[in-house]
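Residues per chain, in single letters:
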Amino acid sequence: MISYPEDVLFRDYQLKSVAAFVHGDPTIACPNLIIQGNSSSGKTYVLQKFFEANPSLINAWLEPIELVSWKPLLQAVVRSVQNKLKILFCDLAHKECDPLEVEEPFLLVKALWNIFSQYDSLPTDINFFLVLDGFDRLQDLDAALFNKFIKFHELINTKSKIHLKLIYMIQDIAFVERYSSHCLPMIVFPSYSIEQIIEILIFTRVEQLVMSNTLRERIIKQGVEECTDEQFVSVAANYIKLIVQAFHSYTGNNINALNDFIDFKWHSYVQKITKENIFDPLALYRSSINLFLTTDDSFVEDEDNRDNYNEPSQTYELSAISKYLLIAAYICSYLGPRYDSNVFSRRSYLKSGRSSYGRRKKMETNPRYLQPSLFHLERLFAIFQAIFPVERTTESGSLASLREEALIRANVEVFQNLAELHVLKMVSTTVTKNIDFLSHKTKWKVNVPWEIVLEVAKSVNFDISQYFSGL
Amino acid sequence: NIVRPLDTDFRRFKHHLLRQLYHNLPPEQTKVFTYLQGVQQEIERILKQAITQKESHSSMLVGPRGSYKTFLLNHELDLLSARYHRQYITIRLNGFIHSEQTAINGIATQLEEQLKILSKDFKDSSKKTDISSGSLTEVFEKILRLLDSTFMGNNKLNDEKKNVKNKITVIFIFDEIDQFAGPVRQTLLYNLFDMVEHARVPVCIFGCTTKLNILEYLEKRVKSRFSQRIIYMPQIENLKQFRDTILELLTVPNKHEYRCSESWNSFIERELSNEKTELYKLVKTNYDTFRSIAQFKNAIIPLIFSSQSIESLRGSFESCERVKAHNRNQLQTSWTAKVESLSDLELAILICAARTALKTKDETLNFNLVYAEYEEMIKGLNSKIPTIAQTMKANENVPIVFDNAIKLWKKKDVKNIWENLQNLNFLTERGAVGLRESAQAVFYASNYQFLGTTIPFDLRVYQTQIDLKELRRVVPRSSMYYSWTQL
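Residue numbers (the working numbering), protein chains in the order written: chain G, 1 to 471; chain B, 472 to 958.
Since the hints were derived computationally from the structure, they do not count as laboratory data. Some hints could be false.
If the Cβ cut is set under 7 Å, some of the chain G residues that face chain B in the computed set are [claimed, not checked]: (1) K16; (2) G24; (3) P185; (4) A246; (5) S249; (6) G252; (7) N256; (8) T295.
Heads up, the beta-carbon is just placed ideally off N, CA and C, and yes, glycines get one too.
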């Protein structure tokens, strides 16, 4: 008789379907079962609860994401099946099979055949459920592997007492659809709706939040005395509702992400509880409004907060030359070479000739949104020279000023800094393998987004945005 | 819910019905669908010729997945094993699981295993069975020698007739034989088909494949050795046949074994002959779409399994609620359902992505462009919303602003949404290959650093899986983003 777990919400249909395929009778069981659903739709939880409620069903679990490649997966299948059987029927197993010898799909068949043949003296036939939790999360997954798994049962001795039944949990529907012509039974776990998420979170988290130390301490500190357990529960439940309503658009239907928010903001929320507002949810919400406005989902401090400290923000600790090289590389990548002379030329002309007119029409899309274009190294150095500030140390008009360079040259340091930027992956080249830096064919591009270049430029007081304002 | 003890007669009946659905009854009770019986007889003839007459044959079963190729072969072999179980051994290979190399080991171990069982019967332990040991070439040589010559006993000098009697037929069953018929060499098939022609051991080869042009896969010399017998699995041709097959699937043959079987059979027949019933409608829908018995079985197995009595079983067949729920459930992660389950911000970003894709020439987009589109959309929406003037309350310091505007999420917050949409497969990287076909291709790909992974997050180029026109049909008219589902 199959019993259903009690503490599973909104999964009645799924549980009933699982029960129809996962039971103790090998004569009416399907060798393969697919459980499909997007992440955080309760696949693992429901199945674990199901097996907990039915301890007579033999099951073993594998997580292919930890096994990376197909060979460890095959070996893990043998290992887990063998270990589980050894624990269950310790008096029957005679010789052990080395799981590491399984190096081919065919050897898995052979090993399972050998293992199962040791249990031929069992009184009844039994089902052995092997759950492959997250089959499509295997890193080296290929299309042929699943075919192998769904056909194993045809090659293993049908007369043995132990029947291996495989349950696959798969997130990606596109993966399942590749094998739809096999007509394997599939149970779909749809995403929860927002109402269901609230109910699930209240069901799972309230107790934990009410029992948390932060709440206890705060209550004692504030001297709130007449407060029943129900009121505590309602405070916590209300908090969960607020969190879901505030951040559901941000997290989508991901329960794990919402759980993170609940943990992350609970402490600050509790700090806002006072004697007055604990019974007044609206007042409590108003006093803690800041928590629900921003996600704070970052390890870097927010830009808005940083202004308060008045700290000069420096994203990267680069040298001045590197910073200007990076800025120059950004300009090279995003401004058309046709208009360079109009933008950067400052010298008065000794010979006759007209200067460039520059861009006539505005561009349709902002080039900063698009991928960087390639440039030659000479152009980078030219623009670098144009934008790099050189301070005059000598008095103007003196003889020494004749010897002084008005502009920076591409000296050793410049090349060194450029090479370093390349190693740091802030500038990159066309090909990634065996780059010949000295070849004239090698072209370069910048590899940082606008936000970072803007910050770098700000740190050297270079107004890069003016170069991009007129586009 | 009170758990009542099941009526034992009904329980046995249900069990029988389910076993029938799983084709798991003992071989003599298993029914073969009428439309398959022609092929069944042909397979039976070939097998009998091979086992009793000791003739060598090779043949191919060609049919789509789930067309009962393996089932028929297994069924026939089970039937024959009752009468002739000492006269043949079966070797099964699967093109998915065995490669050209491992198939040799597979044949050797199965030969060894089967001969051990046989020699136990014959009480002839003098035969040494160590076929599967040694290097690959040794093993292959041993198999060939074994099969190429008579192998039961070394009594070659004995009477020729007696020898024939002692010969054991080797039946090879290849699933996915097209995997062995690769573009290079086909050594295994060559040797096996060669045995059919030349060996003194009767060898019978069945290849199952889904490829209609299987002969084009075979090399010239392999094809010439193959006996050119191709059996195409019959398909269900019309609705009546499909209905009759379902009827065969659901009726219980042994009328006196269970009390309820007779009334059940007439009930099912009644349901299936009336075009108004839910069951008939489902059968018709299945015929029009999948035309697949397996598909139908998956839907009704939970139905039968969960019923507690013959009345409830009949009731659930009359309403077919469970089957409809199954069909609904199968589509709950379809594109439509996925779009419906998105949060408002995810939907907004998806619409913006589809808009951006429509605007660009090659239908590509990146995060920057989509965010720019999103900003524009939210500003457009907010500009249309009437804002209520700022009112001052009695408390001077706290002005209350009725903020009806839609929140414009920050760029760094939207990045999470962007990744969610990627995980839900709404966005795929441009030129992505996705799942590789073979393990080797995966290995090559894992050693290659893709350009998309080295460039910054905002600039990676994506394509949408669902375009704006499709979104317009899925997004409800009541949604505030509905007006943005067209340019």
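Practice item. Please name the hints from earlier in the document that this structure breaks, with their numbers sorted from lowest to highest. Key: 2, 4 and 7
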